[in-house]
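**Q** Here my numbering is used: the first residue of the sequence shown is 811, the next is one more, and so on.
Note that these hints are calculated values from the structure, not bench results. Idealized CB from N, CA, C, for every residue including glycine. Hints are not guaranteed to be accurate.
Derived BS3-like pairs (lysine-lysine); straight-line CA-CA distance at most 30 Å [unchecked claim]:
(1) Lys1512 x Lys1406
(2) Lys1421 x Lys1431
(3) Lys1459 x Lys1385
(4) Lys1406 x Lys1421
(5) Lys1421 x Lys1455
(6) Lys1327 x Lys1366
(7) Lys1327 x Lys1455
(8) Lys1334 x Lys1431
(9) Lys1431 x Lys1385
(10) Lys1366 x Lys1459
(11) Lys1334 x Lys1421
(12) Lys1385 x Lys1327
(13) Lys1431 x Lys1512
(14) Lys1455 x Lys1431
(15) Lys1334 x Lys1455
(16) Lys1366 x Lys1512
(17) Lys1366 x Lys1455
(18) Lys1421 x Lys1327
(19) Lys1406 x Lys1366
(20) Lys1512 x Lys1459
(21) Lys1421 x Lys1385
(22) Lys1431 x Lys1459
(23) Lys827 x Lys1086
(24) Lys1421 x Lys1366
Restraint-style ranges between C-beta atoms, simulated for each label pair [claimed, not checked]:
(25) Asp1006 x Glu908: 46 to 52 Å
(26) Val1190 x Ser1151: 55 to 61 Å
(27) Arg1333 x Ser1452: 22 to 28 Å
(28) Gln1236 x Arg953: 19 to 25 Å
(29) Gln843 x Arg1016: 39 to 45 Å
(30) Gly1272 x Gln1233: 28 to 34 Å
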Amino acid sequence: MPDLIAQGAGDGFRWRKGLPELVAGVDVLLGRQPSGSPDPIALQSSGGELSDTDTADSEPTEREINLQRDRRRTRTIHWQVAWDQSISRCHAILTILENDRIQVHRDARARNPIFFRGRPRDRFVVVPGEHFVIGETTFTLARRPGFTDDVSHVMRGQSIQERAIDASTPREGPIPPSQRSAMIGSAEGVTEMAFDASVLRERDFRDTRRRIQLLARLPDIVAGSVDDEELLVRVSDTLLRATPSASAVAIVRANVPDRVGSDIDTPKNETPSDMKVLHYDCRDNGSQQHAVSARLVTTALHRRESVLHLWETERNGGIEFTAAENVDWAFCVPLTSEACSGWAIYVAGSRALGSNWKELSDDSATLADRLGDDVKFAEVVGSLISGIRQTSHFQQRHLAMRRFFAPVVLDALSGQDPQSWLQPRQCDLSVMFCDLRGFSRTSEMQSDQLLLLLEQVSAALGVMTRHILDNGGVIGDFHGDAAMGFWGWPIELQLSDPHSDLSASAHVVASVLAAAKAAAGIRKDYAAGQTEFRCGIGIASGPAVAGRIGTVDQVKVTAFGPVVNLASRLEGLTKHFGVEVLMDHASASALQAWLKHIPTTDEPSPFRLRKLGRVRVAGMKIPVDVYQLVVPSGGPQDLTDSQIKAYEKGWEEFASGDWDSAYQRLLELPAWDRPKDVLLRLILQHHRIAPPGWDGVLDFPK
């Protein structure tokens, strides 16, 4: 992945950013203030032929042109160049091509030209090493350096204990000759030393005033970062400013496994392929870009402390260490927070770049002591990065949980350890399954418009989940075109006007309210022609296990147990009975207890219950009583109290085997009442005579 370097005329007018991956399908809009602007508008270039200054790499291939025409770009990111008044709000559009190239289009709203290879161009292709100019700012495309395995054949047989020398102790003046001789590498020409974090914290900066000024500005510098990329750009720039002898800074990430025991040496099978340069910046765009030492990064991460490499400039010829032109030292600072696992700050530089360091060129011990200030500053910066990203991760986790937990639940659990209250535990739950009716038919009709179908399903499921959360529930899972919610975990719900004998009713009431509102909302959308779906809802209450449940490969916050299966089966029975909401006996009893305590008013009850019968659902041997939640809609098809009583009396006659009386009574119900048809169909199949061995239970096998 290449980087784009912007270099303005003034001090500090510079940034270096990594371009998006080709497969991401993302364009970059370059401008003085591109955020909030309309979509980019590329000028149509009139010149498609190569000029005498162009090469074959300077134009996109026919395949790339076709890909750009056919590919649907997901989004455009904005890169700001605020320091140059010659650059328009939206000036150039960068499109990623193969082989680390970019295609540049001048935006139609740009006032000033873009110069490439000495002449103004509206469209051109830039290859790594080339640049283009807008106003007083030069934009250079550069490949991001990789890693080098920098261990010589001499050192491969040595352990870190044999090579590492602790240079972390602060010293007032020059190091005594006795210690100085021990600091210099012998035949290898390299000195490796580790810095203890506790000792570094006690160390005083030599240039205390300048360091404090930089540290005071650091929070303001990084506070404006909108994402990780911007954060790393600002941090790298700060480190280059704070370390005068540094020539390059990199933020790297390595997948280095934890190792146990006393052997902390770098494993021989560790390869640079396990590592990635997240961001790289150097002091001089025109200078050589140096590869990052994979050995140094791995060693620092394994030791979990900062490590410094010093190369002897007069003896490093022919040695495989990372010492190269303008680089004879490097240190690596690992970041320790969970949000930055495997991250490290890598800084490399040269004695020649440090002011008044010439006298130190032959003295590795004193040079290491000088670099201790820079290592300490980098550790402070690393702590700030870790804190910012850790806070960001907590915020993202909290936002993610808001998709599954009601705000009242999150508020009650704020300040507690999520790992503890997410642990699975047994509790009394009310579980609701809500399924969309008509999904199969609609999906078949819209098989050529699957994205449109997905939008419709998401909108309908959104009605369900909104009412689950609004009524204090937890989103348990999605099963295709169905959603599951539950109440009673992780906290106990309380009724607004609680009674001592209603403690078990709160969960049921919340689930019933959610079911009634979800059914009404989807019914309203269906009547208005805004959706093709209806819904069926099943509610069951009882003991279950809730929490973080799953395998080592996949974990979900959900509920588990027979009551969950029963709720799912009841949702399936809504199709057979032709109703919207069914519930089990435990839920119905709790709801009836709550309804008795509602103050008597002239307003009708918000909902009523009708016992539909005793059933044996698929996969279960024990029969259960099922009840219909009757929600008044204000229309002509609302059941009256007398009709509910007539059905229940007809069910009693049906269950006792008096099918002839049940048949006569059920015929009195209106034709649009669907549950009675289930009983009438079975009565007619047996010629109005109950079969031998009739136990008064309706069987619904798979």
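**Q** Taking 19 to 25 Å as the stated bounds, is the beta-carbon spacing between Gln1236 and Arg953 within them?
**A** Hint violated: Cβ distance 58 Å, outside 19 to 25 Å.
**Q** Please verify whether Lys1406 and Lys1421 have alpha carbons no more than 30 Å apart.
**A** holds, 17 Å
**Q** Measure nothing beyond the straight line between the CA atoms of Lys1334 and Lys1431; if it is 30 Å or shorter, mark the hint as holding.
**A** The hint is violated at about 37 Å.
**Q** Take the C-alpha atoms of Lys1455 and Lys1431, compute the straight-line distance between them, and say whether it is at most 30 Å.
**A** With a Cα-Cα distance of about 29 Å, the restraint between Lys1455 and Lys1431 holds, given a limit of 30 Å.
**Q** Is the straight-line distance between the alpha-carbon of Lys1366 and that of Lys1459 30 Å or less?
**A** Violated. Lys1366 to Lys1459 sits at ~45 Å, over the 30 Å cutoff.
**Q** For a C-alpha distance cap of 30 Å, please report whether Lys1421 and Lys1327 respect it.
**A** Holds: Lys1421 and Lys1327 sit about 21 Å apart, inside 30 Å.
**Q** For the pair supplied as a hint, Lys1459 and Lys1385, is the alpha-carbon distance within the 30 Å limit?
**A** Since the Cα atoms of Lys1459 and Lys1385 sit roughly 23 Å apart, the hinted pair holds (cutoff 30 Å).
**Q** Please verify whether Lys1421 and Lys1431 have alpha carbons no more than 30 Å apart.
**A** holds, 20 Å
**Q** Would you check the hint for Lys1512 and Lys1406, treating anything up to 30 Å between C-alpha atoms as holding?
**A** This hinted pair is violated, its Cα atoms lying about 37 Å apart.
**Q** Do Gly1272 and Gln1233 keep their Cβ atoms within the hinted range of 28 to 34 Å?
**A** Since the Cβ atoms of Gly1272 and Gln1233 sit about 30 Å apart, the hinted range of 28 to 34 Å holds.
**Q** Given a hinted range of 46 to 52 Å, is it respected by the beta-carbon distance of Asp1006 and Glu908?
**A** The hinted range 46 to 52 Å holds for Asp1006 and Glu908, with Cβ atoms some 47 Å apart.
**Q** So if I understand the rule, the pair passes when the alpha-carbon distance is 30 Å or less; does Lys1385 with Lys1327 pass?
**A** holds, 19 Å
Of the numbered hints given earlier, the model fails hints 1, 8, 10, 17, 19, 24, 26 and 28; all others are met.
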